[in-house]
Amino acid sequence: MQVETPHAKTLVLDVPDWPGHLPGQHVDVRLTAEDGYQSERSYSIASAPGTTDLELTVERIDDGEVSPWLTEEAQPGDQFELRGPVGGYFVWDASLEGPVLLVAGGSGLVPLMAILRHHENTGSGADLRLLLSARMLEDVLYRSELERYRDVVHLTLTREQPPPEWNGWSRRIDADMLRDVGPGADQHPHVYVCGPTPFVEEAARLLVELGHLPAAVHTERFGPSGG
Amino acid sequence: MPPISRGFRGRRQTEVDPSRLPPGQYATNDFPVLSAGPTPHTPLDEWSFTLGGAVGEAKSWTWEEFVAMPSEVVTRDIHCVTKWSKFDTEWRGVPVDRLLEGTEPWGKYMVAWCDGGYTTNLPLADVVDGKAWVAYEYAGEPLDPEHGGPARLLVPHLYFWKSAKWVRGINLAEQDEPGFWESYGYHNYGDPWKEQRYWSD
Amino acid sequence: MSIHTDGNAIAGVLEEIFGVEVTATMRVCQSCGQEHAIGAHRLYRGAGLVLRCPNCGDIAAAVATKQDEYRVKLFGTWSEELV
Chain A
1 MQVETPHAKT LVLDVPDWPG HLPGQHVDVR LTAEDGYQSE RSYSIASAPG
51 TTDLELTVER IDDGEVSPWL TEEAQPGDQF ELRGPVGGYF VWDASLEGPV
101 LLVAGGSGLV PLMAILRHHE NTGSGADLRL LLSARMLEDV LYRSELERYR
151 DVVHLTLTRE QPPPEWNGWS RRIDADMLRD VGPGADQHPH VYVCGPTPFV
201 EEAARLLVEL GHLPAAVHTE RFGPSGG
Chain B
1 MPPISRGFRG RRQTEVDPSR LPPGQYATND FPVLSAGPTP HTPLDEWSFT
51 LGGAVGEAKS WTWEEFVAMP SEVVTRDIHC VTKWSKFDTE WRGVPVDRLL
101 EGTEPWGKYM VAWCDGGYTT NLPLADVVDG KAWVAYEYAG EPLDPEHGGP
151 ARLLVPHLYF WKSAKWVRGI NLAEQDEPGF WESYGYHNYG DPWKEQRYWS
201 D
Chain C
1 MSIHTDGNAI AGVLEEIFGV EVTATMRVCQ SCGQEHAIGA HRLYRGAGLV
51 LRCPNCGDIA AAVATKQDEY RVKLFGTWSE ELV
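Residue numbers (this note's numbering), protein chains in the order written: chain A, 1 to 227; chain B, 1 to 201; chain C, 1 to 83.
Keep in mind the hints are simulated off the structure, nothing from the lab.
Treat each hint with caution, since some may be false.
Stated by the list, open to error - One-sided excerpt, in silico: chain A residues whose CB lies under 10 Å from chain C:
no.	residue
1	91
2	197
3	204
4	220
Given the structure is predicted, the values throughout are model-derived calculations rather than measurements.
Ideal Cβ positions, reconstructed from N, Cα and C, are used throughout, including at glycine.
Using the sequences plus the hints, can you model the full thing?
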């Protein structure tokens, strides 16, 4: 268990016979209580393919059903059911040619981080850029790791009062920001957008308006609040 | 037998009177929002409720006419087929009995039809004699669109998918015709006490 | 508050039903004629699962799950290349 932010932790799982996965995929987690009561949630895989352990980054939702158990109760040795990896639409692989644009809202960064890590691990020469929208600096997942990629990572903070030392963007994503980050639609990048549903739908709408083909904009919606 | 996740309970309510909980249900203090489609937003000046089909005389009400009718406040337990039950929910609505007054219904079945295209079917016998309402307030407040506002059908003795959200009318018929979820694998009647959730229950 | 997600959220369920991954499967809508990947379709959770065309909102699939049995109705034209 690794603490990422005050609200999120990465679980490192030992999954017997894990078949491997593609960056962008997720797993379905099912918990069973002693009396047989069950709850299921999906979590994106944060780790890149090739690592022996599976990493899931879970954001603790206040009054959540599953995330409080995963982030606060679960201890090494505890068990739950896992189905996966699943997903074939929201995946990137280093064998795909062309530039890559990743657009993340909050915990939507998790599957995009798997893509970023895979890009790094494979030494892919693809032109990859990440635009991350987060409420505050302290909410940014993998912050120190993202520092290493600072030339391809663009961050915007959306909470009303950004810290005084912050001189980056401090607004919701818009067409100008997407244009600044690029690559442009004329370069036909594979675009991946992930985060809360309203964020994803707005970002996808903006991207299509900028000329990206809808089929090139892959979306994964996390629901109202996030992962 | 799946592995037990030590210490996992979920958010369900633990101290409950078991005689109020139908088989396979869990009690909750939340009011989960479930829907087969996006929330419609019909302006009240465009809203109407129609009672028609196999009746001697069809009737229709505007919103003003509808809320001007004598209504009642009722408190009931509700049971969703997705396994949550919520006790003592309070609603204000017009009893379906009152809506049927003067219509001379001769059909034995009904379909509730709604904004957004949702439908559900019921025997007429299950919405008369104080068993059903068209409700427009929940917990003393106007019914939230996410929970079916401006008005929804309320039939608490059956699984809550029968309490159709965004209801705009009731159509009586001589034949029973499955509605939305009844056509897609859910039980035609839906009695929670007999656990009639699915097609083969 | 409830809001829709998308076909990715039921990738696991659909794979159990079809035996293959289908979020990358393309579907031509019976109502509006547009083609979108299943993963891009809007997912609603009611009594069961409803998948809808991201353009016009018409139904693409309705799924009822009874323990390990599924009832599924599909609409539109779903095309999968089996490799």
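Evaluated hints:
1. Of the supplied interface hints, the one on residue 91/A holds, with its beta-carbon coming within about 8 Å of a beta-carbon of chain C, less than 10 Å.
2. Interface hint at residue 197/A: satisfied, since its Cβ lies 5 Å from the closest Cβ of chain C, which is below the 10 Å cut-off.
3. Restraint check, residue 204/A versus chain C: the minimum CB separation of about 9 Å is within 10 Å; hint holds.
4. A hinted interface residue such as residue 220/A counts as satisfied when its beta carbon comes closer than 10 Å to some beta carbon of chain C; here the least separation is about 5 Å, so the hint holds.
This entry satisfies every hint, going by the numbered hints stated previously.
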